[in-house]
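**Q** Please build the complete structure, drawing on both the sequences and the hints.
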Amino acid sequence: MLTNLDRLEAESIHIFREAVSESERPVMMYSIGKDSSVMLHLALKAFAPSKPPFPLLHVDTTWKFRAMYEFRDRTVAEHGLELLVHQNPECIELGINPFDHGSSVHTDMWKTEGLKQALDTYRFDLAFGGARRDEERSRAKERVFSIRSAQHRWDPKAQRPELWRLYNAKKGVGESVRAFPLSNWTELDIWHYIRRERIPIVPLYLAAERPVVDRDGMLILVDDDRLPLADGEVPQLRKVRFRTLGCYPLTGAVESTADSIDAIVAEILLATSSERQGRAIDHDSSGSMEKKKQEGYF
Amino acid sequence: MSATTAATDVEAYLDAHERKTLLRFITCGSVDDGKSTLIGRLLYESKLVFEDHMAALEADSRVHGTQGEELDLALLVDGLAAEREQGITIDVAYRFFTTERRTFIVADTPGHEQYTRNMVTGASTADMAVILVDARKGVLTQTKRHSFLVSLLGIRDVVLAVNKLDLVGYDRAVFDSIEREYREFATGLGVTSITAIPLSALAGDNIVALSPNTPWYVGPTLLDHLETVVVDDGAVDRPFRMPVQWVNRPDLDFRGYSGTVVGGVVRPGDEVQVLPIGSTARVQRIVSFDGDLDQAEPGQAVTLTLDVDVDVSRGDLLSSALEPAGVADQFEAHIVWMSDTPLLPGRPYGIKMGARSAVTTVTNIKHRINVNTLERSAATKLVVNEIGVCTISVDRPLPFDAYADNRDTGGFLIIDRLTNVTVGVGLVDFALRRSENVHWQSVDVDKPAHAVLKGHQPCVVWFTGLSGAGKSTTANAVERQLHALGCHTILLDGDNVRHGLNRDLGFTEADRVENIRRVAEVAKLMVDAGLIVLVSFISPFRSERRIARDLVAPGEFCEVFVDTPLAVAEERDVKGLYRKARDGQLPNFTGVDSPYEVPEHPEVHIETSGQSIDDGVRLVVEQLRRQGVLA
Ligand SMILES: Nc1nc2c(ncn2[C@@H]2O[C@H](COP(=O)(O)OP(=O)(O)O)[C@@H](O)[C@H]2O)c(=O)[nH]1
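Protein chains in written order, with the working numbering: chain H, 1440 to 1737; chain B, 135 to 765.
Calculated from the structure, these hints are not laboratory results.
Be aware that one or more of the hints could be misleading.
To be verified - To give an idea of the chain H side of the interface with chain B (calculated C-beta under 7 Å), a few residues: (1) GLU1457; (2) PRO1488; (3) SER1542; (4) ARG1649.
Where a beta carbon is used, it is the ideal one built from N, C-alpha and C, also for glycine.
**A** Here it is, written out as structure tokens:
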């Protein structure tokens, strides 16, 4: 009898193989977080003994945690994978950052625009994303294979029905496909799987003493000297971990003593807040994720 | 307790969670039966509603809720912002929850217009179904419809959730009579396992704990049942099937076939047949990232290697050699239509079955099934949310099983070839014998032989445009010119063909498709005879012009768009047809109340307002030289 994790794993592998067979220039979006780590692990499984037949694309903002960059480069080297890093040149020129321009402009310019630029530059016709349906209510209806217009827009009214194990990845001129192999995984599944498969993840997920400042209830890690400190603001050492990883000035830590995968899974089994809570971007309004998606954020 | 035993306990606890199984189920109910409330309660009771989601729920309950100051659990399962604003959901949504014993994925399909389409989609991946009935209303037409669709999609296990029992005073007699009536009906549909449970989703009776309000009920609670039910779809005992998704070739020494096992168990040494070709080989290894496996069972995604070098590519079906799947190019199938553009027999569609893509046409709609009454009626097309039993013909042989034997090798998608949208799905009933018996006659005097004798290549010159655009005039002039050049030609004119060959056809969309199909086939025969065939038909639909183009070889088709603005054609109104159409005497008249789809890439584009007839003729003849039809 296959377990829940066995079934999810097999489904994801099936999706990877189908997507690669039905596209000409696939790419995997790699954001260095735990979902990306799981997605990469599944890609390695799907095509073994071959290497995954696509490069990884990191749409970088230059504001990720230092530990993430280290982890990224180590992972890519270890598996001998091709990594493409794209940084929106316009953002570099304008020096877009979360402090002067706000989280929403920052994310929109670096990530949303950056992603579109990268996809256009390399002419990828299919991109794997690590989104899950359980992350947010609007995601519950997103398809596994989702068509984007030539302008990268998503039309929630024109979604294709998906039945059985059959996926329709056909697209018109200029259109592209987003494929989400982790659609049916929950946060808990992800952690159970990391535990079962011993998948390496960025150490920031595990609790440790770290220098943080408290900003309106969000614990922000002082990851480098770019973080402006208010007068008299002094970083404090606290035992914290991250439930989600993004740009360090926008990602809140939670106080925790969970310093092993086992401890994290146990903590989540008894958790009282969902992972997105730590991300500043979702706080505006409850339909905001969906707006982001229509604009091409994913 | 020492620190180490605590750690071991945690480990054991986590290990147990890791080994949980998954149950996928679909919930079906009419509007207001309490489906959202029920799912919301399951999520809530399984304690997997996070605090911040709860906060959002409390806020939402005040704005959109129907429960006054109380939490409205139904709002937990609501979705897209626009839909939330309107208080409705219009698609399939997937919900996730987990308990100590099992993990669940719920396909939630709301009871609105797109019901058939959404339910069929949700049921296609479900292991079982929960069918909701409002205790006050009992078994309704909708209940029967849900049960029919569930059974059509091959679900054999059903929970009959008799909800809102609080509103009938927890009356046992009400529950018993609903259960009795339902069993009688559903057994006839082939639903083999039915568990009826009396519930109140709102009050929480019999959801996680047996309720003191129903002391007469001795069965399991809903959650108990969901956590323990063993759904056996029999896949393990069926013959081995694996559609090949991807050929794995890291280097010259390794050649593996990757796919998901969808039937039976496979072990090294097993003999398999490669379909549709029919060659056989033995499985050598079952390769996985974690090392070779002794066996693979249904649902596992693996890579197989074979002992001999046979030709296998994506789309082939690896199949037990003892009990191989069938191979055919004509089928009878149930088709569920999902697009606002109707299914028309004769129109070519893409099809995807297993990992194989092909082109299909529906050759006949035997009957349509009314999902409410299960009555059959005749039909010439299927509109959105209709189900029909059809015969279909595919342009190449497909390996298959009957859907009843295997969902994965008997279910297919139907895809529009222009928009690439999934417009319907099919479930194979059986193969039609005919396909094994109709063979192509090969002929000795072939096309090149005809061409040598005639001094030019054959071709279809297809004139399309509005009525009164000038198609016939241009086509006539072109024919005169070609005749003068010594070419062998024939002119097929829409009006004339309608008097003879197509006398039985009218102007409905379906008849128009058939009209063009016949003419296209006739043109193809004449091309085989070596002629230059001039066809002058309004032919308003791209997909039909595409059929005509696809019937002949590349380079043998020249599409001529005779482009006259509607206002000009209507102004001319040589045959007085526009006036009649505007008066409502000619329904479905192109340009008036039926669309004309402008050609996207015609070989020749004649704008009659700026060009003379002779200009048009010159353009066509030049193009025919470019295509190599004329020397
Ligand atoms: N009295 C009572 N009302 C219920 C019960 N279940 C649902 N309702 C109410 O029925 C209405 C429709 O419920 P909802 O879950 O939105 O129905 P849906 O359209 O099937 O999703 C709401 O006002 C619910 O509060 C029940 O068991 N007892």
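**Q** Determine for every hint whether it applies to the structure shown.
**A** Now for the hints, and whether the structure bears them out:
Annotation: GLU1457/H was flagged as interfacial toward chain B, and the flag holds, the nearest CB pair being 6 Å apart, inside 7 Å. Taken as an interface hint, PRO1488/H checks out: its beta carbon lies about 5 Å from the nearest beta carbon of chain B, inside 7 Å. At about 18 Å, the closest approach between the beta carbon of SER1542/H and any beta carbon in chain B exceeds 7 Å, and the interface hint on this residue is violated. Violation of the interface hint for ARG1649/H is found here, the shortest Cβ-Cβ separation to chain B being roughly 23 Å, above the 7 Å cut-off.
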